[in-house]
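Residue numbering for the sequence shown follows our numbering, starting at 1125 and increasing by one per position.
Be careful, since some hints might not be right.
[What the hints assert, rightly or not] Result set (DSS-like, lysine-lysine): computed pairs, CA atoms no more than 27 Å apart in a straight line: (1) K1604 x K1489; (2) K1519 x K1670; (3) K1670 x K1554; (4) K1191 x K1440.
Simulated from the structure, these hints should not be mistaken for laboratory data.
Keep in mind that this is a model prediction, so the values were computed, not measured.
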Amino acid sequence: MIQLKYNGEFIDLASGQSFEFQRENPLFLIEDLFKEFSTPITIPYSENNAKSLGDKFFFQPIKHQVKLDVELWQEGGFYMLAVLVINKSIASTNSKASSLSGFLLSGLSIVLNKLKDRKVCTMEIGGTITMPFTTINIADGSNGYLQQFYRTRNNNDNYIVAPVRNDGWTEEESKFPYRHFGTLKDVLYYNGIVNNFFSPDAPSDPGQHLRSIFFFASLFPRLKYVLVEIFRESGFILDTTDLDGSGWENIFLYSGKIVELGTIIWDVYIGFQYVPSIKFRLAQFISPEVTCKQMILEHCKRYGWSVIQINETTFKLIALKNYNSWTVKDFTRYCGATIDQDFSMYGRQMAFKTNFPESEEYNTKDSSNTTYVLEPSVISRSQLPTPSAVFDSSKIFCYNDNVYYKIGLDSSNNRVWEKAEDNIYNYEPKDFTESVESEVSTMAVNESQFMLREYYDGILESNYPDLPLTGYFPTCKIGKNKNWGIRNLLFVGLWNVTGGRLGPRSYPLLSCTRNLPDGTDVRTWSNVFSHVKNGIDYGIIPYWFKTWLNATSLQNVEEFKLDLPFHELKQLKWIDKISIQNIEFVIKSIIEPVPYKGFVKAKALRLLLDPSDATPLEKTTFYLTAEWQEPVNAPNEIEPPYSILLTNIVRANPVVKVFANAEKTKSAIVDNLLVTIRIRTLRDNNDGTFTIISMNDYQFLLTGSEKNLATSALDAVNSSVPSIAATSDGKYAQKWRRIGEDYTTYLILLPSTDYVVL
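Construct the complete structure from the given sequences, taking the supplied hints into account.
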């Protein structure tokens, strides 16, 4: 027997009413799969129903869907909370002919249904906050709004006030006039920098403080706080403990809204009058078109998170990368005799795409059709080799800048390194099978120089010239009052703006990467899909997605019947791993008959526990990598067979590997694949430049899943050197040092129509 309870009273259902509940697991990150819904339910007219729901439901046609919070009971006991969606009515003067029909929503669908069209900016998110003005000394410890904004740099508040460069605010908008001894002048106070609120703790005259002018502030809400508050205001609890220690609490949401802090006054000297107090809601700093549903789902899709229901009032935000810690339940004894298996022809290859706000004009994505050779990456710009014709078709990634550089020409037609594109865009491996598309984007971080007038005891100091200040700021180009979408950044730490006459002044740095501009790594991961340093990727894909994609890469979906006792069904969670004959699965969907008849139909995805198994491919696309393996230190000093003394030699095996997918989770076996590799040796001139000592291309046939080149001779291509053999100890020198000079040998796989270079 099934029952629905509304406002403490049971609703009469049609005689013999039964239906099916279909649930789709929210772990699989596609919005349509977040639904848990039933087949239709019929509610006939009865005096009890008319009393519980109201006569109008049965005697007047409803004009729109009606949603009621109900309880679903089975066999006399509570089963779950649900939302009854009434979407059809038959109204009649004959009460016996009147009825309602609709369906039930459960699980996360309840929350999303409530929040479907609710804009985040209309939520409370902590309510209205009022702050007074106290003093202009932002570090004096008083509780004014200037002091509070300054304290957010400590990363202990629900928002942060950090500088961002927005070139969508034009220069003309950033000027104001003032009269200096009878002469009307313009002061350019903005220069695109929002929140130019820098530390006053800099050298100054004894007993005095020089300060920058601070006309307005833009508050950047903490993502964790926003999500928790959205659920709280909806009547639920969001448990975020599964993400503890991941660094996600350092994500802040960029805002294009400002709060005015005062007005300009001028006479002989220019001054600024701060308002006595300010009032704001943190929700107002969320872009006005963003819904609560988007805020939840779009972040889940970008970071590999999901929201599952724990009990009637609590939902849990989980990271898919933690799947190894999920509970394993052995359901072998409950599994039916027949298993219907569906094997995907190819492994899962994921692409990740970002949709930037339509109002964003800043774009550094290389839109040309030029094919570039991706050279070995460098840590900083100073490590870029001397620009020459050798690199005309090359790109080099710079880790510190998070930028790809290419060869360009200066005003004198000399080759120089110039920005090709910022590394903030999509990740699209060749032949990807699925794509995750998110509305959450980040922002490039650029070195910016700007002018900032300084104040002396609150009065503009006109006796000193304006001096340029330099800092690193997230950059965008969105006009005033334009929608800015969902954009987020990581708080990395404090950095200095330099220049002027005060010396360095610190500010909180929001970034798309995990490092400070000098390369100091502060966070565990970067807020871009891929961010490689010394061969290790610290981006979103390896940190948040890799383990889950490895486990689900086979795409083997199996359908079977589970004869589950009712208590097992009630306790089943989406993050439970199901073991059947020692094979682990995660359930993708369940169809459950109601009233419960002792079984469910389940579709489950087989988890790949050992993704390193080599897999022969039936297709012709292979993914190749070249890397140094097993590095060893050679004897401290080497003479023969070299003609000059070498020291600090590191030798390693140059190994080429073949994979079946771009994520490098499945090895592939090839037969006589022709591979071309470039071996280049660069000398570090220790002055920020490099000299090419040698560069040769070689070809070899590769059979199997990998090849150690130290055991083979290489046939030269377009080179005067006929071949190159392994050194006497079977290893190539990777790095070595001659007196006063450092050398590095690089392995570079060249593109081919027969394989893809990773």
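Hints and how they fare:
1. Distance hint between K1604 and K1489 is fulfilled; the C-alpha atoms sit about 24 Å from each other, no more than 27 Å.
2. Of the supplied pair hints, the one linking K1519 and K1670 holds, its CA atoms being roughly 26 Å apart against a limit of 27 Å.
3. A distance of roughly 17 Å separates the Cα atoms of K1670 and K1554; the hinted pair therefore holds under the 27 Å criterion.
4. Distance restraint check for K1191 and K1440: the Cα-Cα separation of roughly 24 Å lies within the 27 Å cut-off, and the hinted pair is therefore satisfied.
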